[in-house]
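2 protein chains.
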Amino acid sequence: VVDRAVTRVVTPGTVVEDELLAPGNNYVACLARADAADTAGGAHDTTAEPTADEAAATETDGGTSAKASGNGDVEPSGTTHAVAFVDVSTGEFRATSADSQGTIQDELDRLAPAEVVLAPEISDGNFDIDGMVTPHDAAAFEPETARERVTSYAPNPEAVFECDAEIRAAGALLDYAEHTQVAEGELGHVTRLTRYDPRERMGLDATALRSLDVFENHAGGDDHTLVAVLDETTCALGRRELDHWLRRPLLDQAVIEARLDAVEELTHESLVREEARELLREVYDIERLVARVSRGRANARDLRALKTTLDVVPRLREVLSDAESDLLVECREGLDGLDDVRGLIGRAIQAEPPAEITEGGVIAQGFDDDLDDLRSTAREGREWVASLEDRERERTGIDSLSVGHTEVHGYYIEVTNANLDAVPEEYTRRQTLKNSERFYTPELERREDEILGAAERADSREHQLFTDIRDEIAAETDRVQHLADHLATLDVLCTLADIAVENDYARPEFGNDGIAIRDGRHPVVERHAEFVPNDADLCEEPFAIVTGPNMAGKSTYMRQIALIAILAQMGSFVPAQEVRLPIVDRVFTRVGASDDIAGGQSTFMREMSELTDILHGATADSLVLLDEVGRGTSTTDGEAIARAVTEFIHDEIGATTLFATHYHDLTEIAAELDGVQTLQFAADRTDGEVTFLHTVTEGAASASYGVDVARMAGVPDPVVERSRDLVSGTAGRDRPSGDDKRD
Amino acid sequence: VVDRAVTRVVTPGTVVEDELLAPGNNYVACLARADAADTAGGAHDTTAEPTADEAAATETDGGTSAKASGNGDVEPSGTTHAVAFVDVSTGEFRATSADSQGTIQDELDRLAPAEVVLAPEISDGNFDIDGMVTPHDAAAFEPETARERVTSYAPNPEAVFECDAEIRAAGALLDYAEHTQVAEGELGHVTRLTRYDPRERMGLDATALRSLDVFENHAGGDDHTLVAVLDETTCALGRRELDHWLRRPLLDQAVIEARLDAVEELTHESLVREEARELLREVYDIERLVARVSRGRANARDLRALKTTLDVVPRLREVLSDAESDLLVECREGLDGLDDVRGLIGRAIQAEPPAEITEGGVIAQGFDDDLDDLRSTAREGREWVASLEDRERERTGIDSLSVGHTEVHGYYIEVTNANLDAVPEEYTRRQTLKNSERFYTPELERREDEILGAAERADSREHQLFTDIRDEIAAETDRVQHLADHLATLDVLCTLADIAVENDYARPEFGNDGIAIRDGRHPVVERHAEFVPNDADLCEEPFAIVTGPNMAGKSTYMRQIALIAILAQMGSFVPAQEVRLPIVDRVFTRVGASDDIAGGQSTFMREMSELTDILHGATADSLVLLDEVGRGTSTTDGEAIARAVTEFIHDEIGATTLFATHYHDLTEIAAELDGVQTLQFAADRTDGEVTFLHTVTEGAASASYGVDVARMAGVPDPVVERSRDLVSGTAGRDRPSGDDKRD
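In order, the protein sequences belong to chains U and R.
Counting from 26, one number per residue, gives the positions in the first sequence under our numbering.
Counting from 26, one number per residue, gives the positions in the second sequence under our numbering.
None of these hints come from the bench; they were simulated from the model.
Be aware that a few hints might be false.
Claimed, not checked - Across the chosen pairs, the derived CB separations fall in these ranges:
1) R/Glu555 / U/Gly245: 30 to 36 Å
2) U/Ala389 / R/Ser401: 37 to 43 Å
3) R/Pro379 / U/Glu303: 48 to 54 Å
4) R/Leu445 / U/Glu169: 50 to 56 Å
5) U/Glu419 / R/Ser177: 46 to 52 Å
6) U/Ser177 / R/Leu445: 42 to 48 Å
7) R/Thr216 / U/Leu458: 34 to 40 Å
8) U/Glu555 / R/Glu225: 43 to 49 Å
9) U/Asp397 / R/His507: 57 to 63 Å
10) R/Glu414 / U/Gly391: 34 to 40 Å
11) R/Pro379 / U/Ser412: 35 to 41 Å
Unchecked claim - Calculated Cβ distances over 10 Å to all of chain R for the following chain U residues:
12) Pro160
13) Pro449
14) Arg454
15) Gln602
16) Glu714
Unchecked claim - Residues of chain U clear of chain R, computed beta-carbon distances all greater than 10 Å:
17) Pro180
18) Cys188
19) Glu294
20) Leu360
21) Arg463
22) Asp503
23) Ile608
Glycine included, each C-beta is placed from N, C-alpha and C at the ideal position.
With the rest of the complex left out, here is chain U (with noise of 0.2 Å):
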């Protein structure tokens, strides 16, 4: 009957059920590491033992064995990693290599892999792996077995990809992808494997997109995040794309300004957009859907929903026919509707069939002679004995004679038990049941068994059609896998148009000079609260000390420029009035503080170590952000700690740099320092009340208002009265009730 064999084997990254997947992707990765002799050429002829030495140095923690090379940059030039990913899903796989472990680390941090295959000879120790860890078989990570299995996806590795150790990440992956769909072999719709280079997009580590609450925010939701406020896509593809773009903010001038060009017209065309917009909801994710094609998953109901997506695709083409941008013209022109595939899915599909191809009425009367015919057979049989009762009656003459069927004895004629004696011959016993027994004639059960032959045959039938026609339609998985590309790609542009619209933003404009925003907003507290906004100018002044008290804006005016940069180099536009910026290579932040207790780093600890990763990787093209560093330890050595990162930045490094602090102390070096401002968060107490203007100002604040804050949160008044007294050095350091009250 219906085929029921182990298909699939059911994994967190290769999971392909549509009810188990959000819209966004879902990877699995995998990871190898170029051995010994295979490691980027130069030091082959140097070395007598080139494996011990290689070894030792993936070992050094960096900072001691590299050479000082002026700018921070010391990272070990170690040896080569590799990482592939592919969503199985949607077909989509790339891959990359680095000499730097730190660099495939952020790879795996932006792409959030629900599941990592390692290479025997990567240990999970080395990475901070989020998802699950599966082993997969080392025999499929051998370099000829590797490069094998990809050349079944391109004909050619070497023209994809630049080295062995991405050859064997991305073979062992697509081994591992095949293993888990054990039922179909190859992955047909994943037919482009990708080579990218992680140094064209902008640096987001784990730490900047979690303190940024890029992706989630600080409880792991998605509420209150910057791609919750940017996702008013209409369509799955959209949405997946937008998460693409964030997830990798641009480097060059012209792909950013060929983006914003074609949001600005957008942002111009308000009906086009609207158009556009309307018709992009009726897109089904024909990604996902012909990967279901693709591998022979899709049922009657994704057929026709790819059919109504290829309806969409004339009236968007019409709707963009005045589009200029360059972008927008490709997109319109890369719009195939696929009219043969639309064609043979209209005639052969029933406009509504039920989800289950083996229920029979997925196939339109008319498509198939065959099948036709085998229907009339199994409802001319029924009609026969439907019509039996009636016969049956007038040719006894027993009025109460019945016709019925059970699931066990098949059809019956019932008689009760008073008619008996009318019964004819030709009728044998079945069933005795109380009051009346049940027969069969052989007349009936020849029926029967017509039309369960009939009936069975006509589902084969439809079955075997319809994989046919599934099985065309696999071939053009291509086509349909770029008519998505540019689906989404219009969705998204339509999209950020539109949040630019709705927000206010504006169009952001590049140069060297520093970065410069007039009247700036959070893009996500703006939604949630009255915001007051803020410029800011780190031309003259790249290095910005912050100060003021607690509540009063620190923390998001210095992430709401970080923001605004990764908006701009992602292609939309931003929250402010006016804004100038460079183009920055990399956000850093040392923000919030977390704790490890189990995995044995203090607070502390974890602060110093993501500052000596900025120290060491920062270049004057970076957005550095510095919130209280220094404060999980005495005031004395904080301040010391404080002192000496901001000279060093400012001396060695040159990075633009915002620096949130409570010492006082701090702001005195910005008149000694070339290049250092000071800014100031303002409050104003009236009557005792507190209030935040949320408006920065130069200078240096002078109080902190923490007792304000604690009053603020609730804390019990005799602590705050207290505490004032303390402040306020009133109360000395005796207090007023004494010791006797518990004793």
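Given the structure of chain U, go ahead and fit chain R onto it with the hints provided.
Chain R only, in chain U's frame:
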């Protein structure tokens, strides 16, 4: 054929598919609030407008309107909230209510439901909900409707629940759960609705669970957590039971001692323990299994798995025959082997049946005559077809004649073109191939229909028999659940005993003299690193100010004391040589820090909010951990708050408290206040290398070693050197290199 109507609505909280579920519980919760007319008696007559008054009471922040009741307990005795939980996969159902919204929030935190259903009067902004919030029909919350619904599960709701709000939450939740299981109507396996009182359990809110790494580490994973250390359970039943115990440490010393008695007995009886664990390894998750049976979702393999589990029971009773402690005796006596069910499954179900009941071959031969007859008819038909080839070859003289079958056309006789002359007259052409023709005969067609008919009827008959058997077992759901309870308890007891032996834990003793620990260890950290045990003596001086450098172990020390209290009160031995402690009513923590910028709270505001909860909620029986309270603001304000808080807890609350701080100033207070001690963690600097000794001694530490930690974290040498100079004062404020380097 197979029935494929929509049978379930899949939601995160009501998943029942095993492959989608972790072994732990998966709850859906439901919240309701008593309306004004329904609130607890007493206030009814005193105010003219109770509704407005009640509403106002729930809005106040607790600090101002409530009377000062002496002991910090100033929560408003506001409107009653109720919460009900169900795990649809196991049938567990509980409900409770409380006058304090915070208590209900704590229960939500404790049980971490995947999904929450809200009554119309509840706004989701009032609770901090991690899972999905699901809307549900307001009508289900109508008091009469809800009561009706509950009655199907518990004939007299008032005997189970304590107020209308509980009944409304319970009834609406059952309605929702039924709604998600569309086809099944009532949930036959939800047989035990229970009401509990959260005040019977140790208080553990989300903050404490998180900062102590009880169930999740800082990154949200479950490695390096307390549950990971304890979870050596051998079956899924035990895994969930362990979770229950750990989420709900007890307050009743008698019940705790009963658990400890059983654990202690098992630590002595290693053979009993090993054998029991060996047998428990063969136990399936019969709680979920019987839930599937009851819902008509169990397949034949499930029934065999139930039998395998039942086979274990008599052997387990045998192993426990000499058990003496009350709880072990209770477990043994509760182990009902359900011999009737075991016998039925043994007779009726094939030993290794297929997973799908529609595949046939599920019911054992000899169990049902009708089925056996139908099977022979089909078999004889197939045998007739199988022998047809030989007979027809002989009859026609065509040696190459063959008999075959296709899905679409059914059976055929194939004759190559060369032999078409010899084809008998009664052969009818069915299909023409390139080199041959396919035929059928009336007899072959009749036989084919007969085979199809008999096979179809046999499948139906098997299906009927199987569902009858399943229904018969479903009627015993209650007994299976009781068996599951006892197996689960036994597994946890054996596991705790095993862990105690393997890790050298000691049995805790309870008394009212305060906490005294000899050679205590952190149960998680000791698994991953060399660990130096430390004493704690909080009897005479229950307030300890803990000082010492970063990384020396302050946080670990404080947390290990809280974890020991939790372990002791769940009935486990504890990681120490000797422990005496009181029954702790609640553990409070204010450690670490996390930002909620987008939510509008600064780090310091969160710190103060958590502090507020502690100062309002703690009693003399609580255990309070404070880590660096006050560090999120300026030094002056921070020190004042820290001192005022210390005085308040000491004078007004009297809770056992550990307060880690870098404020050396605060250590002076120990001299001033009775019952306050100062502890320090030592470090040793030799030749510039710092060693943290991880041992606690009396007295206040004088140095913080913050710069040393910075160096260990890899902060670049120039920054470390400069910091050191600044701390020691040798550098003054002028930098050694001046400003000329960059300009």
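Now the hints, each set against the structure:
1. R/Glu555 / U/Gly245: 30 to 36 Å: Given a distance of about 33 Å, which is inside 30 to 36 Å, the answer is holds.
2. U/Ala389 / R/Ser401: 37 to 43 Å: Check passed, 41 Å falls within 37 to 43 Å.
3. R/Pro379 / U/Glu303: 48 to 54 Å: This hint holds: roughly 50 Å between Cβ atoms.
4. R/Leu445 / U/Glu169: 50 to 56 Å: The hint (50 to 56 Å, Cβ to Cβ) holds, given that R/Leu445 and U/Glu169 are roughly 53 Å apart.
5. U/Glu419 / R/Ser177: 46 to 52 Å: holds (50 Å)
6. U/Ser177 / R/Leu445: 42 to 48 Å: Given about 45 Å between the Cβ atoms, the range holds.
7. R/Thr216 / U/Leu458: 34 to 40 Å: Holds: the Cβ-Cβ distance is about 36 Å, inside 34 to 40 Å.
8. U/Glu555 / R/Glu225: 43 to 49 Å: Holds, since U/Glu555 and R/Glu225 (Cβ atoms, about 45 Å apart) stay within the stated range.
9. U/Asp397 / R/His507: 57 to 63 Å: Given a distance of about 59 Å, which is inside 57 to 63 Å, the answer is holds.
10. R/Glu414 / U/Gly391: 34 to 40 Å: holds (38 Å)
11. R/Pro379 / U/Ser412: 35 to 41 Å: Holds: the Cβ-Cβ distance is about 40 Å, inside 35 to 41 Å.
12. Pro160: For U/Pro160, whose nearest Cβ neighbour in chain R is about 16 Å away, the distance exceeds 10 Å, so it holds.
13. Pro449: holds (23 Å)
14. Arg454: Holds, since 15 Å exceeds 10 Å.
15. Gln602: holds (22 Å)
16. Glu714: Consistent with the label, U/Glu714 stays out of reach of chain R, its closest Cβ about 15 Å off (over 10 Å).
17. Pro180: holds (34 Å)
18. Cys188: Holds, since 28 Å exceeds 10 Å.
19. Glu294: The assertion about U/Glu294 holds, with a minimum of 32 Å to chain R.
20. Leu360: It holds; U/Leu360 is separated from chain R by about 35 Å at its closest Cβ, greater than 10 Å.
21. Arg463: Holds, since 14 Å exceeds 10 Å.
22. Asp503: Answer for U/Asp503: holds, closest chain R Cβ roughly 31 Å.
23. Ile608: holds (22 Å)
Consistency note: the structure conflicts with none of the earlier hints.
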